[in-house]
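S.K.: Each chain is listed here by its residues.
2 protein chains.
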Amino acid sequence: MNRVIITNLNKHINKGVLIQGWVCRIRKLKSITFLILRDRSGLVQCVLDNALIDTNNLRLESVISISGKVTESKNKLNPFEVIVDNIEMINAVLEELPIEINKDKLDINLDTMLNNRVLSLRHEKKSSIFKIQNLIAQGFREFLIKNDFTEIFTPKIVAEGAEGGTEMFQLKYFENKAYLAQSPQFYKQMMVGSGFERVFEVGAVYRAEEHNTNRHLNEYISMDLEIGFIENEEELMNLEEEILKYILEKILNQGKKYLDILDISLPTIEKNIPRIKFKDAIEILRKKYNKTDLEGDLNPEGEKLICKYVKEELGCEFVFLTHYPRRKRPMYTMPLGNEETHSFDLLFRGLEITTGGKRIHDYDMLIENIKYKGLIPENYKNYTDTFKYGMPPHGGLAIGLERLTCQFLNIKNVREACAFPRDRTRLTP
Amino acid sequence: MNRVIITNLNKHINKGVLIQGWVCRIRKLKSITFLILRDRSGLVQCVLDNALIDTNNLRLESVISISGKVTESKNKLNPFEVIVDNIEMINAVLEELPIEINKDKLDINLDTMLNNRVLSLRHEKKSSIFKIQNLIAQGFREFLIKNDFTEIFTPKIVAEGAEGGTEMFQLKYFENKAYLAQSPQFYKQMMVGSGFERVFEVGAVYRAEEHNTNRHLNEYISMDLEIGFIENEEELMNLEEEILKYILEKILNQGKKYLDILDISLPTIEKNIPRIKFKDAIEILRKKYNKTDLEGDLNPEGEKLICKYVKEELGCEFVFLTHYPRRKRPMYTMPLGNEETHSFDLLFRGLEITTGGKRIHDYDMLIENIKYKGLIPENYKNYTDTFKYGMPPHGGLAIGLERLTCQFLNIKNVREACAFPRDRTRLTP
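Residue numbers (the working numbering), protein chains in the order written: chain A, 1 to 429; chain B, 1 to 429.
Next comes chain A alone, as it looks inside the complex (with noise of 0.2 Å):
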């Protein structure tokens, strides 16, 4: 008999079935004991007599396999019942659970849920983060495909870094030095004047940050895009604005069960996002709320207050911050005139989640800014050198997907949307 999944038990109304999966929970009467079956598609309680196994050695977790009859049900976890004719186990499990996950919250901290992370994620509370983020990645990338975006896969052992500082992975490539990748950057330019235009990749970068923070980790995901042909940074900004509008789309459409299981209300974006300059947002956060520290760049707290402010005054949860200053920005980034550029960050409840720009495509700029920087033009002859053969005006950004998941599910540290985070001290499981 073919193994039929719990949420598909409703095709089989009084017929036999064979259901496998996981001990979620066991009540044992005086004859007989209700048994709840965990798959990945739900839960469903089994009845069996008490004569069919002995249900002391059926440990919570254990893997087993059930076959009996679907009836319907009173019960609240599931319209269905089964009642069993006949129970094996799978796989037993062998020790005590370390953690206990069949209760209705998952009681633990971080370090114990990420150290028994095979366990935590059977928690519905725990999978359903991962489930609305496969919805946000495979969103993002089914709306650049359908604007004729081509994916792109770039190395990520490269011989230099593409963001400056010394916030980098070494490694030994045989007898060379190279090292782990901070962003697809200079690969997804070199894409789009190679004739593709558009492209976009969904994949890991590095960065070897010290700090160790509930907003960073060491290796995340950046769903990245660069387009060719473009006039200005606003095309970008508005094009963020679709596909956001079209990730939220879909996790509504595709998504209600996990957004149910997590309690959550998803942001909306009903008209556009408000952009604000950013020496505005500084003068905003020093007159307003006296912030008189920040200079360059916000920090923490100030990407904190100036998304209260336009919560507040303009009613949106999100907001672009524009015209960011040239000496915060990577030496790619198109400057205007001599203090600002050409680029954006887009904050959303607080957090940064995107930073973006439109690109400098003129060689002789290119080198110039590379110079006002203080790099060495030399050491990025590869890059450059793209820039003397026909490249087209472009610019591009760079979501993390660990952060927009948080944000969207208002999930405080960074590492519980990573499945196995890489911070400061964690390289394990």
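Honestly, the hints are just simulated from the structure, not real lab data.
Hints are not guaranteed to be accurate.
It does not matter which identical chain is meant; a pair holds if it fits inside one copy or across any two.
Claimed, not checked - Subject to a maximum C-alpha distance of 30 Å in a straight line, what follows is the list of computed DSSO-like cross-link-like pairs (lysine-lysine):
1. Lys-381 / Lys-131
2. Lys-76 / Lys-245
3. Lys-125 / Lys-146
4. Lys-271 / Lys-311
5. Lys-76 / Lys-146
6. Lys-388 / Lys-103
7. Lys-11 / Lys-146
8. Lys-311 / Lys-412
Please build the complex by placing chain B on the supplied structure of chain A, with the hints as guidance.
M.R.: Relative to the frame of chain A, chain B by itself:
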């Protein structure tokens, strides 16, 4: 005026349009010039009065903007052409092109092609490879999403290797030593055990292999899947047949243009792919081709010959080799008796494109098999602990994206199916 892409010119017959792209060819006559413009969608002939611009300054591959009127045309490039009103330089080519890319066939060696990747990819015979590759990766994901798989993103910085051996890139992870993952093997198994049951990942894997062959990349894209509650590896082979059929169908439907450019007929999978036991394959090679040097594994010549045999005798370009020897398979492979395993390879046109099999799900058997392979169970504790707490029977497979692309498209060197390959000596661009 908004830019129109070349493929959409048919919607603007006898109207004014703005088109932008690269100068692909120029033919100057006495009073007019024929200029072929290329954008991401195709090529179009533009007819301009020589008075409009000094065409001597119009180098091939410069990025230009043209406004003009669309008219029907008899040239075979495109049923339309553009009569130019105005032409503007957007970004001029600064130096002589290092390679000639505007011929029907790109006549350069592999290294030159890869060193000048941004230019060589502008040739439609090169870009088409990646358009087909897109359809392969997207087909793989689409099929699995339709079949209730969850996409996973697993860490590539890991504390231990899954495949054994010493072929791992090592890096310094703050105070610790870490490695780049050879495969997502442990993590995909753990995600099956965490209740998702069916998972997949399309992501980079790393092999620090010293040899430099036309079949190997040191960083490549692995299309991985893992599935719980299977009975045997036959189910995995059936699943792979369905996946390959889906991908081939998708390419035929959406990639015909690129197949025509590459002059390729795709293989067909009309009936089941033949399944031959590994030891029987060795016997066939010995008897029929007098290959006596094979034991434990096929060498590249053996792979080619067994594919030749299957094609001639059984009329199929694919063949599953099954029951691989236990001593040649990684420690997580389910043994079959003392000598064999529940595992398989898929060979296609003389090359291995998939390795897969049933995995061990019993904790004690796993520990024993780790020892059998001469490894130390304690080193794998993060992985093996998973098996104490209810791991279902499961198995999976991995398809190398670049290799599959090559074999579909009759490409001889896997580097051609990777935009920016990493091999023994190549770390740039």
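S.K.: Each hint needs a verdict: does it hold in this structure or not?
M.R.: Now for the hints, and whether the structure bears them out:
no.	hint	result
1	Lys-381 / Lys-131	between (42 Å within a copy, 27 Å between copies)
2	Lys-76 / Lys-245	neither (34 Å within a copy, 42 Å between copies)
3	Lys-125 / Lys-146	between (32 Å within a copy, 23 Å between copies)
4	Lys-271 / Lys-311	within (13 Å within a copy, 60 Å between copies)
5	Lys-76 / Lys-146	between (41 Å within a copy, 29 Å between copies)
6	Lys-388 / Lys-103	between (62 Å within a copy, 20 Å between copies)
7	Lys-11 / Lys-146	between (35 Å within a copy, 19 Å between copies)
8	Lys-311 / Lys-412	within (19 Å within a copy, 57 Å between copies)
The structure is inconsistent with hint 2 alone, although it conforms to all the rest.
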